[in-house]
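J.: Heads up: the sequence lines are chains A, B, C, D, E and F, in that order. Counting along the first sequence from 1, when you hit position 44 you're at 44 in the working numbering, and nothing is skipped either side. Counting along the second sequence from 1, when you hit position 14 you're at 103 in the working numbering, and nothing is skipped either side. Counting along the third sequence from 1, when you hit position 102 you're at 354 in the working numbering, and nothing is skipped either side. Counting along the fourth sequence from 1, when you hit position 150 you're at 546 in the working numbering, and nothing is skipped either side. Counting along the fifth sequence from 1, when you hit position 52 you're at 1386 in the working numbering, and nothing is skipped either side. Counting along the sixth sequence from 1, when you hit position 308 you're at 1751 in the working numbering, and nothing is skipped either side.
Since the hints were derived computationally from the structure, they do not count as laboratory data. Backbone N, C-alpha and C fix where the C-beta goes; we use that ideal spot for every residue, glycine too.
Within a straight-line C-alpha distance of at most 30 Å, the following computed DSSO-like cross-link-like pairs (lysine-lysine) qualify:
1) K1544/F with K1801/F
2) K218/B with K184/B
3) K218/B with K351/C
4) K936/D with K954/D
5) K688/D with K935/D
6) K1801/F with K1440/E
7) K351/C with K238/B
8) K179/B with K238/B
9) K1805/F with K954/D
10) K1805/F with K1440/E
11) K351/C with K184/B
12) K179/B with K280/C
13) K954/D with K1801/F
14) K179/B with K351/C
15) K351/C with K280/C
16) K179/B with K218/B
17) K1440/E with K954/D
18) K1019/D with K1440/E
19) K1801/F with K1815/F
20) K1815/F with K1544/F
21) K1019/D with K280/C
22) K184/B with K280/C
23) K238/B with K218/B
24) K1805/F with K936/D
25) K954/D with K935/D
Not everything, but these chain B residues come out facing chain C in the computed CB check (under 8 Å):
26) L109
27) N112
28) A163
29) V167
30) A168
31) L172
32) L178
33) F182
34) A199
35) N200
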Amino acid sequence: MLDIVLPIAFGLVAVAVAMSFWRLLRGPSAPDRILALDTLNINTIALLVLLGIHLSSALFFEAALLIALMGFISTVAFCKYLLRGDIIE
Amino acid sequence: MRRLLPHPLLTPILTVVWLLLNNSIAPGQIVLGLILGWAIPLLSIRFWPDKVYVYKPLTLMRYIIVVLIDIVVANFIVARRILGNPDRLKPAFAKLPLDLTSDLAISLLANSITLTPGTLSARLSSDRKYLLIHALNETDPDALIVTIKQRYERLLKEIFEKC
Amino acid sequence: MLDYLLSFLILFGAIFTFIGSLGLVRLKDFYTRLHGPTKATTLGVGSILIASAIFFSTRGTGISLHEILITLFLLITAPVSAHLLAKAALHLELNSLAKIPTKKVQQEGLEQANQTEVAQQTTEKIEPLTSSDGSQDQELAQKQ
Amino acid sequence: MNLLLISLTPFIGAIFTAAISRLGRLHSAWAAVVVTSLALLLLLPLVPDVFAGQVLIQRFSWIPMAGLDVAFRLDGFALLFALLILGIGLLIVIYARYYLSERDDMGRFYAYLLLFMGSMLGIALSENIIQLLIFWEFTSLSSFLLISYWQHRQESRNGARMALAVTGAGGLALLGGFLLLGEIVGSYDLSVILASGDIIRADPLYRPMLILVLLGAFTKSAQFPFHFWLPNAMAAPTPVSAYLHSATMVKAGVFLLARLFPALSGTPEWFWLVSMTGLTTLLLAAYIALFKHDLKGLLAYSTISHLGLITLLFGIGTPLAAVAGVFHMINHAIFKASLFMAAGIIDHETGTRDMRRLSGLWMFMPYTASLAMVAAASMAGVPLFNGFLSKEMFFTETLLRTDEVWGWLLPAAATMAGIFAVAYSLRFVHNVFFNGMPVNLPKTPHEPPRWMKVPMEVLVALCLLVGIFPAITVEPILAVAAASVLQAPIPEHDLAIWHGFNPAVWMSMIALIGGALVYLNRRPLFRLHYQLISHLEFKKVYNYLLEQLFRFSVQVTKALNPNSLQRMVFVFIIFILVLGVSGFSGGEVLLTGHRELLPVDGVSLLVALVLMISAVGTVFLHKQRFVALILLGAVGLGISLIFIKFSAPDLALTQLSVEVVTIVLLLLALYFLPQHSPTESSKLRQYRDLMVALAVGGGVAVLAWAVLTRPYETIADYFLANSVTGGGGTNVVNVILVDFRGYDTLGEITVLALAGLGIYAMLDHLHLTGTSHDASGRFWDHDMHPVFMASFTRLLLPLALLVAIFILLRGHNLPGGGFIAGLITAVALIMQYLANGVTWTQSRLPANIHSIIGFGLLIAVSTGLASWLFDHPFLTSTFSHIHWPLVGEFELASAMAFDLGVYLVVVGATLLILINLGLVHSMTLLPKTKKHSRKWKH
Amino acid sequence: MEALISIVLGTLTACGVYLILRFRTFPVVLGLTFLSYAANLFLLVMGRLTIGKPPVITEGVTDYADPLPQALVLTAIVIGFAMTAFVIMLSLKAYAALGNDHVDGKHKL
Amino acid sequence: MMNHIVIAPVLLPLLIATLLLLIRQQNLSFQRILSIASVAAQVILAAMLLRAVSSEEILVYAVGNWAAPFGIILVADRLAAYMLMISALLAFCALIYAVRKSDRIGQHFHVLFQLQLLGLNGAFLTGDLFNLFVFFEILLLASYSLLLHGGGRLRTKAGLHFVVINLVGSTLFLFAVGILYGTLGTLNMADLAVKVAASPDENVFLVRVAGFLLFGVFALKAALLPIYTWLPAAYAHTTAAVAALFAIMTKVGAYCILRVYTLIFGEQAGPAANLIEGWLLPLALATLIVGMIGVIASTRLRQQAAYLVVASIGSLLIAFGLNTNAGIVAGLYYLPHSTFAAAAFFLLADIIASRRGKINDKFDLGPMIAHKRLLGVLFFSTAILIVGLPPLSGFIGKFLILQAALTHSMLPWIMSIILLTSLLGLIAVARSGSLLFYRAQSMEAVSHIPEASVTVKTGSVTVELMPVISLLLLCIALVIYAGPVTEFSLTIADQLLQPTIYIRAVLGDGGIT
Ligand code: NA
Ligand code: NA
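Construct the entire structure; sequences and hints are all you get.
T.: Okay, structure coming up:
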């Protein structure tokens, strides 16, 4: 069962990645692109967790955790830049 | 006491997180978790300017469960909207007058609003009295305001603010 | 049984991840697009994470609950990101399908602080977007 | 016998003389007299040995493997030269004491003079030709100092530089020649070289060697076409001219011809090169001398002419010609030195050297005039004076080849030169001492002081003595000198005033009469000369060439180094491309190896596409800088995914953390920098860059493909096998980092520390003013620190710290480690900066970040050093499993302490960078520092 | 997969090279970052492509990815980060000192 | 018994830097004393190492007790010890000069200085190619910071160029190391030498490409044509003490060329033997030419000094490019000479410039310099030294190079280029000396020139001159002890041209196939 579901899941997430990336390229506004990058990060987490299940390896957990943390910070930094210019004033 | 254990609530949370991180409830990890749970707040005490009081911990639990359920529901609603004809969407902005005063409570409310059905907290007025909310598909913003105040704000006020 | 549960969770999560990104493509303005990922992906990724937790906990090598941490983390951060993005979008006055209520706020004669904020924004808006003109920029800078 | 001491005496004396001048300006004159006399005294005891036919050689080892010894040689010729140098030197020293004025720095003058004397002596006494060359170049340098003695005069500076350039060039050619000579002979010793004439002449390198050596000799002896520096060197004080430019330095060239005569002469090349150069110089200079109005100019050209004569003699190449050459060297030194002294006295007493103003000086200084007239007669080759004797020998030698077709040319030219010599000598005497009254002299002339005349008297006396009693005065020294020049018994010769009416006598008479006639008819000649030839000045050519050289250099340098980074980078990249492509040549090129390839899966393809499109997108959108940054974030994410895909979780973690910090830094920078790049490159330029980029990218792809498709053997198995047993950790990457290659890691954290400190140092006192609005003119949002963000990031801090500690502790066994933990900590703190600002965060961090870095480094180094206690090399690790009640077994490894050091440095360095950047801006909040306001117009 | 990675490497390098040939400090910094990515990735894959075999010693597993390039790349990433940080700050300093962000301090437009 | 002395030159500056960092708040004089003591100790360490390597063959130090080729190995052979000595002596003089003033105009000077030495010493000692990269980065980053020390417009711009081009170089280094590892599976230089020689035909082109790319890296560091252009501005615009210290920086590139292309790609490298033969010599000759043309074209004294460094790199690499025993000996003699001479020139230029008001080191009519006589003598000596006129070490170096070239097929080119460029150098330096010292006017005479009428430094000069005089004395010592120095260089060359000695020392007998 899992053998059937996993490829489908990979496929769905991959399409999600593609769509997020499309928005990233398309824009048109800067917040759109930031949002797309943020979504791309979250898609990636899904991808990694699926990969972990697929390979039965727990070694992807930290990467997923870090993407969550770092993705958040970069989104915040990008937004702050748009709002204030100086992001650490 | 405050100097030795600045955040009594944080210590157990961190200990639990530590155990989660390590996927282990070995005694060694518990000891280490407790040590870290005690030491990290102590080290980062300067980053916590004001103390957080939780007046009604049980209400907090209830609140969390309510929000979690709403999140699941929200996802279905939003999913339907996305899959449906996007032209039929009627997004709207609504202003939520706030009764909450503490930063944490307001932040939690905003968080909950964003996490739940088709709403998004977009802006807090600089005097922190109004929260601007964007709704994905809302024909009656006033009803939305009432729901939010009823469902979330009341609980949060109970939890974090002495009435 | 477990296999079915896992499969369900994974598929469910994947579908929601997909829908979240689909929103990015389909929806017409930034504010509505913002709804998709922030919600759908939290649940989507959440389900997959729970699936992962169950998967690793049932493989005989001890329980694996650290995936919950990521879920928790996403629940805390995703709304903050969304809020900041919305704030930025409002700041940049991105086109919206919904009426942006700044003017409405003005009409209702709200509290002083808010009013000045809005007033400030409108004056700014009047300024033509010719930032390349140095002298004007300098004037603006001095005004500030 | 101590030739080294003799050579060194003037050098040591120079320092002594310079030092003693502090006590009084005349002290240095006496010191110079003492030094010169001392050197003479040291030399005298050796004279008998030399006259007995011995060659004295003194040798010290210096650079044996290069064949360079400090070796001195005293034979007849060297002795003759040494005596001339020291003897005339002594007279010049005395003369100069009166010549120099009150304002002149005597200490400096005598120090230079003695330096020169020592160098000259060194040339004369060198056995090793490279050593000879060293002294040779030193004469150029000391003459530069002497010619430029009156530094405030432009002609002194220019003359000195010209002399240095020409003789320096000759010296360099000589170096080349000597190197070749040494290569041919296998030794730099004169003794060996002089004995190897046949080998040398037969060697294929003979011709280039000869040319190079002759270039050295000709430039030094002012032979055509290198003669022009000598007249310009007349800007020197006259004692210098008397010494350097008549008696000694210019003789170095002909000295060299004489010295190497047995080794180099006897070939057609030698004959034609040397004799023709000598002949041309002889004639041309004699001609020009006649038309010089400057007294010293006349003497200078006369000197050139006489040097040409000597050169011609050596070029003729017969033994007797060589004897005549040596003889004329002596004679010329004597009469020309005295003539220069006379010129110096005249200049000194009248204040001018212009012969158009100088006339009738006989009335004012008859004694000096008499002396000068004797010397001039010698110069003209009048019988009874020494110049006559050698000149007659010269005439005789020119007649040797009259049987050949062009054989008459040589005697005819010699006679012609003789005519001009007589004419310019006559002019010197008549124009200066007679010919009416002086015109508008700055001073009223009178006889010079007694001791200024004495040196001249001595020399003039020698002119007469040698001229009248050659056999008893000059014959003995000439014999030994000539013998050592020839390296053979000297041929039959007779130094007598009268040999009967032979052709040479007729030539002398023609010269004397012809010279008188030419002088009498000088006026039309002068007119003709100034109309036709006078503008042909070599100095102008030289200056023109020099000017062109400077102009050319400036142009080339500007073209090559236009101070443009893109140019530099472009050239570097092309260079790399060329290097890389050339690697493909010279061997079989098998682009695709035999390794089994991995299939491509859809997700990987997607990630790769995302990565590549983002990268290309960044390039396309790089002018919209903010957008480019967002795309860069996607690239970073893609890279991390590739790391994960290819089994490198540690790298993914590091990349993710580094990426965020980088983006934060870039955003910070972007705030101060312009938001957009203007379009500056033309389409062509963009196309060019694109081509280059594609070429490099293609190269990298091809190389990657070539490597990836072939099997390989690696040392990696060792790490996998020893990681647990030897390093105590299961995460092999981490064990490599902290153990197997911990030394790299130590270096790496040093780099990070350096970056922090370097940035701190760089940003010191830097003030940047931010903008009040964004690129489209919109004012920034008022909400500095959004509440939600602040409250949640505060909550995230302890969580992130916990994660960091988690990563730090597990690193040894699972992906993680000090670096990643450090970066997570730093990122957690950056989050505080983002949410709460610099001031808020700063005040909550330890005050001295520098110490955190310091402690980190200290811990890392100390961990390494601890192994010394156990007599192990630096960074040898140890680990053990400790059992602790309640907690259970856990591992303690020294590598973990090392990792802690790493952690601290990473945290410290990252924070230091951020804090500084924060301060750069916060400074501007203070009104008083608001100096550098941002320029708006670009 | 090898071909795909080679193309990725080529693309990253080409992008980096193009950007470092630009006139302003900011794109040059971006270009250096790209080159650094390319170099790191290149160094990693020199240990050949291995999927799903992280070099973490696990019982029963005998096949691992080559750990050495990974360690080298980790060092290279950190060094690259230090260098990038430095050059970013330097571009700010140059901007302050030269009055514009042209790499040669020229005032063109 | 461990011979920890091999790693001491690396650890000492690192520890001192750490200590300086920790006592940052202490007063400057304490920091200075510590810094100077450290460099003095490094001179002593280098001397001890030199002594050790003259008797024993090659000292090998396995960091972390991991044997080659698995761990990182430090190798102190004669060449390494020689380089350590040169850099320590140079650093001592530069530091003494810096201590007077320039260490005060910016932050962390002494820390950066020590770390710079750490980078240099580490690069000279390492026997591992990737570790060489790491130490390259240390010395580069330290040099970036030192170069920018004090700030200023032109300095910042030159620094930007220097940093960017070197970052490109660092990337290139990684690519080259990557190819070598990917093809040969090792990083240890001795092991690389063995594996290069044994590499199968189909891999030869990869090895060759990597070798050429490495050459690109080292050529950049050495400032070889065509990528010398970063040097003139960088060296001319930094502080004098730093410029003086940087005299050794280009030599690191030359050192690496010598090391890598004798050991890994040398005579015994089989199909990749003598890889850069045919490249190095022509490029070096061209570098000498453009360097000297730059010397002529210079409009400032410091710029001239910088171009002289370029020219000297040309000469040095001509010597190494001959690829013979004699050539290497000549180069090894020339190396310390050119390092000390360039340093002395930079320091002297600074002293002179500081006495010419705002005209500074520009070749313009300026005021009479205080202490003109002493400075003049020193300038004259330094100029002779650097242009290569007798009797100083520059001449001997040039002589040795030419002598070594006598048997080379390109002799006519080498000889004519070296001799002609020497002449150009002579003309240029004579011109600048004449202008600075002879054409200088009294203050009254230049009062109409606004730039000159600024108060100029007139104070005591002796202390300031100590480092310059020391450097000149070092060069004079090179003349007097030319015999021993060349003898020792010959033993270095012997060691280099027989890589098996090195390989056996590092890998044991097993390494020799
Ligand atoms: Na007259
Ligand atoms: Na160990």
